[in-house]
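Please build the complex by placing chain B on the supplied structure of chain A, with the hints as guidance.
Number of protein chains: 2
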Amino acid sequence: MLKKGMTLYIIGLGLNDEKDITLKGLEKVRSADKIYLESYTAILQCGKERLEELYGKKVILADRDFVEKGSESMINEAKEKEIAFLVVGDPMSATTHLDLYLRAVKQNIKIEIIHNASVMNAVGIVGLELYKYGKTTSVVFPEEGWDVQTHYDVIKQNKASGLHTLCLLDIKVKEPGKEDLMNNRSAKGVEPRFMTVNQAINNLLSIEEKRKEKVFTEDTLCVGCARLGGNDMIVKAGDAKSLLTEDFGGPLHSLIVPGNLHFMEEEALTLWK
Amino acid sequence: MLKKGMTLYIIGLGLNDEKDITLKGLEKVRSADKIYLESYTAILQCGKERLEELYGKKVILADRDFVEKGSESMINEAKEKEIAFLVVGDPMSATTHLDLYLRAVKQNIKIEIIHNASVMNAVGIVGLELYKYGKTTSVVFPEEGWDVQTHYDVIKQNKASGLHTLCLLDIKVKEPGKEDLMNNRSAKGVEPRFMTVNQAINNLLSIEEKRKEKVFTEDTLCVGCARLGGNDMIVKAGDAKSLLTEDFGGPLHSLIVPGNLHFMEEEALTLWK
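Residue numbers (the working numbering), protein chains in the order written: chain A, -5 to 267; chain B, -5 to 267.
So that you can see chain A by itself, here it is in the shape it has in the complex (with noise of 0.2 angstroms):
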């Protein structure tokens, strides 16, 4: 039998369902000991379950609890064993993920990552190019005493140098709220919620409300997009009133708020009206 070596395995999953692993993901899923599925900053559009079947081997679900505190229990079974870390999406693409990176690089642990596609490369299907995008934002749910505008002024610096920008939308995935933050506890539980493009329209128009600096009014070209990357994805683009009205379905959504138009995106964007 062949000696195994001690490896952290972090391996994307890609953005809809089993099959979206590559050959070389499965493979290390396929060798390691012990398999961990990151369950908290983004949606597998599929079950655990038919991961499970896909591999033949049982998947350790890992909350955001287990990332940030637990898993330095991970780290040091990796120490001895090959440990295989799934991630949907790319795995470098959240900045937790770069943390994990280094504590492990730190304790000498071999790390190796297996790449695949991120939201934030799907994303090229809308028609924008990607070389356009300017700084990424995202949009979270308001909670009271925190008024968040960061993602206006995102939009508002991107647009003023004509560039797109990438409006992520919040998840809340048995994650811990302001209150449990400041009684440094674990979430107590919160139902699992997403963000609609809707709502982050809302967000914004209302935010534009208060500064009324033009930024994001009911007339602004937005791209609403759900489900990137999978069958049934949604892409609608028109301006923020009419969006407000469309049903984009399940999760994951995300809003582009797009800047100065080259002729060739202004084609693109005429599929999805």
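Bear in mind the hints are in silico, worked out from the structure with no lab data behind them. Among the hints, a few may not be true.
Copies of one chain are not kept apart here, so a pair can be met inside one copy or by any two copies together.
Below 27 angstroms or equal to it, Euclidean Cα-Cα: the simulated DSS-like pairs (lysine-lysine) are [what the hints assert, rightly or not]:
| # | residue 1 | residue 2 |
| --- | --- | --- |
| 1 | Lys104 | Lys52 |
| 2 | Lys230 | Lys100 |
| 3 | Lys126 | Lys150 |
| 4 | Lys51 | Lys13 |
| 5 | Lys100 | Lys126 |
| 6 | Lys208 | Lys235 |
Here is chain B on its own, set in the frame of chain A:
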């Protein structure tokens, strides 16, 4: 026997070798009647033979001429057959494929995109947050009479907003030069070449020498990357001057000019110094 759909599959191969294709992509390739490999905007790290061995099928190379002129015939084929068009990286990260997509849609061809990793997300491994990248730019081989400084301006603009800049470095794979373009003819079989991190830095320093705006000096912190997503990936961080003498090996190279650094980003960069 099942009746096949008339479909054009545009399938991302990921960044490194034949095993970076997704299971979904491989299924489509195996059921396709004809397989084309786009072979001029990026380089596969393995030979086409390894693809053919994995697929059990012949793969036809498609150069720029083919995609920009001849792909009309491929679109016609897709009216009666299943065609797989393979793209290194992710299919929708380059404008050329968007053009293909639009042309096919106009002719009522059914199209399916199979996403994969691209340099634009794989660059996350460096440890600079993907959120905080501004506009992307490319550095092209200088041609006589064309004094391109766009990348210098993009870096300047991104830095002013504290954002990182990803510079994609030029690659010439049998691509028409200025003279070819002016004479409206195809490339005269130019030798393939790719721009190194060192060349890109020299290019930026020479623009700095002319413009003296202190956007990119010998002291500017840079991150040079080669073969992102591959096992033989190289990432090196340091000031421009020190990276000038580093050897990054074979293609593809990219250069990152960081903006303001968060402490975790600083920590990540120390891995590569």
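Query raised in the report: Which of the numbered hints above does this structure break?
Result: Hint check: nothing fails, all pass.
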